[in-house]
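If you use numbering that gives the first Met the number 0, the sequence shown corresponds to residues 0 to 119, in order.
There's no promise every hint is true.
[To be verified] Estimated spans, in silico, between C-beta atoms of each pair:
no., residue 1, residue 2, range
1, Pro118, Gly11, 20 to 30 Å
2, Arg79, Gly13, 34 to 44 Å
3, Gly59, Pro108, 19 to 29 Å
4, Asp15, Glu93, 29 to 39 Å
[Said to hold, decoys possible] In silico lysine to aspartate or glutamate, DMTMM-like type, Cα no more than 20 Å apart, as pairs:
no., residue 1, residue 2
5, Lys98, Asp37
6, Lys98, Asp109
7, Lys98, Glu66
8, Lys98, Asp62
9, Lys22, Asp76
10, Lys98, Glu111
11, Lys60, Asp15
12, Lys60, Glu93
Rather than coming from a laboratory, the hints here were simulated on the basis of the structure.
Backbone N, C-alpha and C fix where the C-beta goes; we use that ideal spot for every residue, glycine too.
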Amino acid sequence: MILAGRHVVASGAGADGRALLRKGEALLRTGAYARRPDVPYQRRALYEGAWLALGYTAHGKLDQACEVTRMALPRLDQVRSPRSTALLRTLAGEMRRRKRNQTVADLLPDLEAALARQPA
0 MILAGRHVVA SGAGADGRAL LRKGEALLRT GAYARRPDVP YQRRALYEGA
50 WLALGYTAHG KLDQACEVTR MALPRLDQVR SPRSTALLRT LAGEMRRRKR
100 NQTVADLLPD LEAALARQPA
């Protein structure tokens, strides 16, 4: 849903895209992204957290995107997930365009450092 919402927003149908983003965010908020780091399924938590952060970013909810991203960063050192890493690289690119926001500016160096430690 997040992917579809991002595409619809990018195509110019903002209201329809935001509705899809809201639905996707609602689904992911009930998922694994907020699991404690000491429980199983960290790969799923990382993947869902990356999608949720992308949804929040596309929706302009930058503080929430940064909060979810901060939860995902420690998982990058535990989990090898090329799909999640690719999503977080996309997120980093989108956040670079929004670095005037103080929360984003504070997060971006940590996100980029975590991604730099990942295999190419």
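message: What's the verdict on Lys98 and Asp37, does the C-alpha distance respect the 20 Å limit or exceed it?
response: violated (32 Å)
task: Sort out whether Asp62 lies within 20 Å of Lys98, counting only the CA atoms.
output: holds (12 Å)
- prompt: Between Asp15 and Glu93, does the beta-carbon spacing fit 29 to 39 Å?
  reply: Check failed, 20 Å falls outside 29 to 39 Å.
- prompt: Should the hint that Arg79 and Gly13 are 34 to 44 Å apart at their CB atoms be regarded as holding?
  reply: holds (36 Å)
task: Can you let me know if the beta-carbon spacing of Pro118 and Gly11 is within 20 to 30 Å?
output: violated (37 Å)
- prompt: Can the restraint linking Lys60 and Asp15 be considered satisfied, given a maximum Cα separation of 20 Å?
  reply: holds (17 Å)
message: What's the verdict on Lys98 and Glu66, does the C-alpha distance respect the 20 Å limit or exceed it?
response: Holds, at about 15 Å.
- request: Return holds or violated for the Cβ distance of Gly59 and Pro108 against the range 19 to 29 Å.
  value: holds (22 Å)
message: Can you confirm whether the C-alpha distance between Lys98 and Asp109 stays at or below 20 Å?
response: Given that 20 Å is the threshold and the Cα spacing comes to 13 Å, the pair holds.
message: Hint check: Lys22 vs Asp76, CA-CA at most 20 Å. Holds or violated?
response: violated (30 Å)
message: Check the hint pairing Lys98 with Glu111 against an upper bound of 20 Å on the C-alpha distance.
response: holds (13 Å)
- prompt: Hey, Lys60 versus Glu93, does the alpha-carbon distance stay inside 20 Å?
  reply: Holds: Lys60 and Glu93 sit about 12 Å apart, inside 20 Å.
Consistency note: the structure conflicts with the earlier hints numbered 1, 4, 5 and 9.
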